[in-house]
Each structure stands twice: as structure tokens, then as C-alpha cells.
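Colleague: Residue strings, one per chain:
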Amino acid sequence: MNLRVLERDDIDFLAECFNNMYFWGEYSNPVFEQTSKSGLMQNFDNPPNIAISIEWKKFIVQKKDGNRMGFVWHFINQPYGVMEIGCFFVPSERGKGYGAEATQLMVDYLFLSKNIGRIQACTNVRNKTAQKVLEKAGLKIEGTIRKLLFVRGAWTDYHLYSILREEWKEPKILTRTEKK
Amino acid sequence: MNLRVIESDDIDFEVGCHNDGGFCADYIPIEEQMSKSEWMKSFDNPTEFQKMLGLKMFIIQKKDGTRIGLVHHRTNQPYGTMEIGYFLLPSERGKGYGTEAVQLMVDYLFLSKDIVRIEATTNVGNKASQRVLEKAGFRIEGTIRKLTLVRGVWTDHYLHSILREEWKEPKILTKTA
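Protein chains in written order, with the working numbering: chain A, 66 to 245; chain B, 258 to 434.
One thing to keep in mind: the hints can contain errors.
Said to hold, decoys possible - Label-pair distances were calculated between CB atoms; the ranges are:
1. B/I397 with A/K122: 30 to 38 Å
2. B/E264 with A/E235: 49 to 57 Å
3. B/G337 with A/E232: 51 to 59 Å
4. A/M86 with B/D371: 40 to 48 Å
5. A/S101 with B/R388: 49 to 57 Å
6. B/N259 with A/F109: 44 to 52 Å
7. A/G146 with B/F300: 31 to 39 Å
8. B/N302 with A/K122: 54 to 62 Å
9. A/R217 with B/F300: 19 to 27 Å
Think of the hints as simulated: they come from the structure by calculation, not from any bench. Ideal Cβ positions, reconstructed from N, Cα and C, are used throughout, including at glycine.
Pulled out of the complex, with its shape left as it was, chain A reads as follows:
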């Protein structure tokens, strides 16, 4: 499994995922409006103000053979400037441990490259799988944000998770000597 930054030729895959309403399952809605491929392409070339302000950066999660399985992203919560991560996998690749690995890799990357003290993530309170993923990567629950998002027709509570730099201590995957 590997992470790499999203390229222009990944837009088709992005569209397949973001515009397939069945992919989002029971815990989330399409994060953004449904957008055509050409619209997504335009957003890629000229990001809208909101995407620039939150410094939204998307990565592709791919298998060793190059097959794309999903996305991981990071963005800045404004105005506090807090780093937040999220991920999405196509249904056929869920439940195989890739989420935990991708999250761990992203946490390593962010703490290694950016001068931040915390990384946070939000999960639908009913999404136990995502919570297990975050806990495996060392994130702890800080509280419950009531009615944070409108999901599947109802205002839904989300758990707020975070990991502090001192809890992370050192990289788990991005160690100096690459493990074969």
C-alpha cells in the first residue's frame, strides 16, 4: 500500500467515487455537491476559495500494483488552524486494514513535515469501523460534537478524535530504514 498526491489523471477515479451515491454508505454524505468531471477538473486547476483557505490536499491510496483503492486527505480547520484528516475507500476495499495503514502513514507524514502539535479527525458516532481505525493509529476521543453534519436526512453527532505530537512520539511507518 502506498500514498501519493492526487494527480490530474486521477480525476476520473475521483468522479467515480464522489459521484457514486452508493459509495458513501450509511455514515456519510457526499462531502461536496455532485460535480461533473469537467467541473472537478476545473476545481483541480483552479481550486475554489474555500479549498484554498482550508488548504485541502488529497492523496490516492493505491496497492503495490498501482490499483487505486481510495483517498486520504488533510485540511486546516479555520479559523483555529487545526490540522484534520479524513479518508474514503471504495466499498470492495473496506475492512482489510488499509484504512489504519493509510491513516498511520498520513499521521507520520504530517508530524514529520509540519510544525503542528495536534491532528484531529471526526467520525459519525455510529461508524465503529472508522473509530477503530483512528484508535489503531493512536488517536483518542476528545468529545462529541452534536449535530455536526446533515447525513442521510438527519443532523448527526460526530466524535472528535485527536493525537498530540507527544503521543505520536516517532514515525511508525515512515521510519528511516525502509522495511522490505
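Please arrange chain B on chain A, whose structure you already have, making use of the hints.
Modeller: Frame of chain A, contents of chain B only:
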């Protein structure tokens, strides 16, 4: 006590609060220091950042027109949650103005906007501010660790919120004033 939206001739007062109040505050970060002309410029031409947050500032004034503090609301991104914040001149603290201003702002927001929650954060050490929110019907949802740099230290904050169904009806902005 009354709230009114900030006008350009309130800038001196606002600058005073930020540049003067900031240095001696125990619980809030010292904000970027800006000259009056810089403030005026951002008042006339909000930055992209300010526009994204939809920051709206209000003056808290006494019946005689004396300005005693500030309240604001803004929309945090990317989740779009409504957050409020407030500041009172040191000499006007502990007199109940904070609670009244928060209650008034909550009434105004729930009456005029289609939102389900209003949130606020407080430095965990700031008991006075927590009491204000509690009196206005907010509950603590959790502790956001190391949220802001206060007096040189990354500091934990409580996340408070009130839901529309907890608010139920206006407390101050009732139909018959």
C-alpha cells in the same frame, strides 16, 4: 444593555480592545497587532479569510451608549458551524453583561438563521467565561487539547454548544419588547 452591529466610527474602540486588552489577557491568545489604518482597511475591504468566515462584529453598549465590549459570530470552515465569541472591558466584567450579550446573540442567531447549533470555546482555566455560557444554556461537549497558544503555552479548550431544541424560544428578543 444593547447589541448593535459595528460601525466604522467604532474602530477606535475595537482597536483599543484588541491592542490593549490583548496583552494582559490571561485566557485568550494575543492577536496580531494592527494599526488603526490597517483595521479600517479590513473593515472596508474584508480579506478572503474574513469573507470565508463571515465574521460579523457587534458592539455591546449600555443604555446611555457607553461601549463596554464586543460580541461576534462567524462560520467555521469547512463544517460550517456557527461560533460566537465575546470580550468585555476589564472594568465591566462580573456584572452580568456577558451573559446578557450571549443570550441576546443566541436569540438573534436562532431567530434569523436556519442553524441547529451554536458553539463557543473557552480556555479550560477561564471559569468566568464558562459560567456565562452555562447560564446562557450551553453544555460542554468535550476538551480540545492544545487548541490555541495562550501566554506562550498550547492550551486546552472546552467546546461548548447549545442546540436549537435546548434553546426552545427567545429569552430576550421576545415578541413584546
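Colleague: All the hints need checking, so say for each whether the structure fits it.
Modeller: Hints versus structure:
Checked against the given bound of 30 to 38 Å, the beta carbons of B/I397 and A/K122, roughly 32 Å apart, stay inside it. In this structure the supplied range 49 to 57 Å holds for B/E264 paired with A/E235, their Cβ-Cβ distance being about 54 Å. Between B/G337 and A/E232 the CB atoms are about 29 Å apart, so this pair departs from the stated range of 51 to 59 Å. About 24 Å separates the C-beta atoms of A/M86 and B/D371, a value inconsistent with the hinted range of 40 to 48 Å.
In this structure, A/S101 and B/R388 meet the distance hint of 49 to 57 Å, their C-beta atoms being roughly 51 Å apart. One distance hint, 44 to 52 Å for the beta-carbon pair B/N259 and A/F109, holds here, with the actual separation near 49 Å. The given range of 31 to 39 Å is broken by A/G146 and B/F300, whose C-beta atoms sit roughly 23 Å from each other. The hint said 54 to 62 Å for the Cβ distance between B/N302 and A/K122, and at roughly 29 Å that hint is violated.
A hinted range of 19 to 27 Å for the beta carbons of A/R217 and B/F300 is inconsistent with their spacing of about 42 Å.
Of the numbered hints listed earlier, those contradicted by the structure are 3, 4, 7, 8, 9.
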